[in-house]
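Let chain A serve as the given structure and place chains B and C on it in line with the hints.
Protein chains in written order, with our numbering: chain A, 1 to 381; chain B, 1 to 309; chain C, 1 to 116.
Honestly, the hints are just simulated from the structure, not real lab data.
No incorrect hints appear here.
Derived list of chain A stretches under chain C, where covered just means 3 residues or more per stretch with a C-beta under 8 Å from a C-beta of chain C:
1) 42-55
2) 64-72
3) 75-85
4) 145-155
5) 160-172
Label-pair restraints from in silico Cβ distances:
6) C/Pro87 - B/Glu285: 26 to 36 Å
7) B/Trp178 - C/Gly111: 32 to 42 Å
8) A/Glu264 - B/Trp178: 44 to 54 Å
9) C/Arg114 - B/Trp178: 26 to 36 Å
10) A/Glu264 - B/Leu70: 50 to 60 Å
11) A/Pro141 - B/Trp254: 46 to 56 Å
12) A/Arg268 - C/Phe96: 52 to 62 Å
13) B/Leu173 - C/Leu73: 25 to 35 Å
14) B/Val286 - C/Tyr106: 11 to 21 Å
15) A/Thr281 - B/Leu173: 30 to 40 Å
16) C/Ala19 - A/Ala315: 52 to 62 Å
Cβ atoms here follow ideal geometry from the backbone N, Cα and C, with glycine treated the same way.
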Amino acid sequence: MDLTSRLLRLGAGRPHVLLVEAPGGTEPRLAVEREARTRGWPAAGSPADADLVVIAGRVTDDLAAPADRLGRQAPRPRVRLAAPDASSTGRLLEEAAARLAAGGDLEDDAPASAPPESHSSHSPTPPGDHAGHGDMEMDMPGGVPMADRGEDRDGLLLDQLHVPLGPLLPDWPAGLVVQTTLQGDVIQDARVEVVGGPASSFWDEPWRRLASGDPVTVGAASRRRIAGHLDSLARLLTVAGWADAATRARQLRDELLAGAPAAELGPRLWRLTRRVRRSRTLRWLTDDLGAVPADTSVVRAWGDVTARWSGWLAAAEQLLPDIDRSDRLPLGDAPRDPPAELVAMLPGLLTGTELATARLVVASLDPDLAELGTPAEVPGG
Amino acid sequence: MVEAAPWLVLVLPAMLAVATIGVVTFDAALAARAAGRPESLAVSASVPFREAARLLVGQRRTTLAADGVLWRAGVITLPVAALSAALVLPLGTASVADLAVGVVWFNAMEILAWAAVWLAGWGPNSAFSLVGGYRFVAQGLAYELPHMFALITAATAAGTLRIGGIVEAQADLWFVVWMPVAFVVYLLSAAAMAFWGPFDAPVGRELAGGAAAELSGVDRLLFLGGRRLLLVVAAAMAVPLFLGGGGGPLLPAWLWTLLKTAAVLAAVVWLGRRFPTVRMERFMEVAWMVLIPLTILQALVVSLVVLVR
Amino acid sequence: MSGFAAALLLLAVAVTLVAACYGVSSVVAVAPTAAPAGPFLSGGEPAEHAFSRFHVRWYPLTMVYLAFEMEMLFMYPWTLVLSSVGPSAVIEMFLFLGVLLAGVTYAWREGALRWT
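For reference, chain A alone in the conformation it holds in the complex:
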C-alpha cells in the first residue's frame, strides 16, 4: 500500500481541524486556532470533514459521552486530541499531523459504535416479551423512533425534530446547550441548559485578579477586553458566512493577546472595523434579528444583532489607545455582564426563529458560561 501511505502523507500536510470548546477551554482554543491558522489548516464544520478532533478544555463527566461520540463520528484516518491547557499546542498539533501521516489512531471501536448510542436510553426488548410493544419496536430501525408531531403557532400538526445545539459544536459558546424542537428549520421551542465547568473565565481574568488584590494594569485589562470582543466578532462573522473577515479578526485578536503595541495594531483594527461597518450586506442580513428591548438590565445586549456587533466594534476602537498604558486599574472597574441573565433571555429570543438566525442571535450574545458551570436547566422562556 505504498500509494496509500504517499497519499496519506500528502493529505496530512493540510488536515482539517474540528475544534470544540469545553468550559474553561478558551485559552487552549485560542492557541489551537492560532497554530492551525499559521499552518494553513482549515477548520472543519462537522466530524465527517475532520482529520483532527480537538477538544479544548477540561472534559467533565457530563461532557465525556458527547466528546466520545464526537470523536467516533470522525472517519479514519483521524487523530483525537485533548487540549486541557494552552501549553505546547504547536508541538501537539505537529505530532498529531505526524500520526495522521502514519494512518491516524487505530483504536478498535467496533463494539461500542454499532448499533449506535440510541440503545443507552431505550433498553432493547426482545420481540417475544411484550406482544404489542414487540411489534412496534421491531419497526424502528436502530431503536430510534420516527419523528412525532406537534403544533406550530397556527395550530397545524407538523413533524418535529429534536436537535440539540451544543455542547460540542464549532463556533458555539462553550458549555451552552440549546435543546431545540424544530419544525422544518424553524425552532418551535428552545430549552437552555449549561453543562461542563465550572472553570475560571479567561476573558474576566484581569478583573478576577483585581478583586483578589493583584495589581492589574489598564493596558492588560483593555487588551483582554478588546480581544474578547474580537473573538465574539470572529465567531459571529464565521456563523454569518464571512470567513475572510473572521480570519482577520482572529489574527488581530491573537496579536493583541501576544502584546503588539497600539501603533502597529491601530491601523489594522481600523481597517477591519471600517470594512465590517461598511458592509451593507451584513447589516441587511442581521438587522431586526434577536431584538432585546432596552428595559432589561443587561446593557450590552440591547438592540438587535446589528446593534450588538456594532457595539463590539465601537468598544474595540474606543479602548485601543489604552492597550499600552501601564497605570493601575482602579478597583471597582466592572467586567462583562453576568452570563446567567443572557442565558435566561435565550429561550424567548430563539423561539420562532430559523436555525441560521438562531445561531446569529446566540453568536451576537456570546455568553461566557465558564463560571456558571453547574449542569442545570435554566428557568425561563
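Positioned in the frame of chain A, the structure of chains B and C alone reads:
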C-alpha cells in the same frame, strides 16, 4: 464558427479538471492572504492535490438508517450533471456537440443539481443535512427565473438556441455591452447554482456543513468537486453567451476562450469570499421583486432591438 | 455523430470517471466503509429519525414559480420565431409576462415572499 467535435469528449473532462484545480488554487491563495499568511503559488497549487489525496484515502461513512440509494445517487448526480452541461460548451471553435437546442440542454442539465443536492441532504438521515438540502431548493426558486431570463435574452438577441449561433451573433459586438443586466444576473445565478460564495447557505458553516455534513471520503470529493465543476461550467458558459466566445484580435480562439473564462472564474471566486452568506428569507424578495422585473425589462429592450434590426 | 449520441457518450465518460474514483478509493482508502454512525448532533444522540415531513414555509412561492416555469417553456421557442413573426410576438409575450408579474406582486403583498 463553432463546430461539433465528438473527440473532445475525452479532452473536455481534462480541461474542466484543470480549471477546477485552478479554482481551488485561487481560492486557497485568497484564504491565505486573508489569514495574513501570503503563500507562494506552489503552496496554493498543492492544496487541490492535498485535498483530493486526503479524501481519496479517507474512510467512507454511513449514518444510522441512511437512505443509501438516494444518498449516493444525489452525490453522483452533481458531477455527472455538471459534466453533461458542458456538452455544449465551446472551447474556442469546437464543442462536443453543438445542439440546435444547446441553451435548453445547458439549463436542463444544471437543474439536475437541485435533485442532487436535495437527495444528498435527505439521504443521511441527519437534521442538519436535511435543512441544507431544503435550503438549496429555496435558493433554486430564487435564482432560477432570473437565470432563465438571462439565457433567453442572449438567445433572443441571436435568434437561435444554438450556442454556436449565439457566438456568431457576437462577431460585431459582445452581448455584455448592450445587455449588462443579463450578464450580471447570469453571474449571480452561476454562483447560486453552484451554492458558492454568498449563496453557500446549503453547505453553510452554521449548519455544520449542511448538505455535505455527513459526507466523507470519496463521496465528499465527488460532491464538493462536482460543486466546483458546476461553478466552472456555469462561469465558462458566460463566455460564449455574453463575452463573444473565442472572438478577439491577434490570439487564437481557444486562447481567448481560456483567458475570458479565467477572468470570469476569478471574479466569481473573489466574489465568493467577499460577502457573508445570504439567507433566502431576506433574498427572496430581492430576487422576485427586483431581479425578475429587471431581467424582463432587459429582455423587452433586447427583443425591441431585434425587431428594429 | 448526432448531438444526442455525443451526449450519451459524454454521459458514459462521466459515469466511467465517477466509477473510477470509487474504484481508486476502494483500493487506496485506509479502512473500509465505517459502521453506521449517528448523525452529527453536537455530540448528542438522535431522539428520532430525521426522515420526516419537513415544513416548507415557502410552498406558496413554489406555486407561483411553477406558473412562471410554464411560461418559460413557451419563451424558449418564442426566441426562435421572434424576428419572423414580428411585433405581435413581442406584445403577446410581454403582456403575458406582465400578467404574471401582477400575480407575483399580489403574492408579495400577501407575504408569500417573506417567512418566519
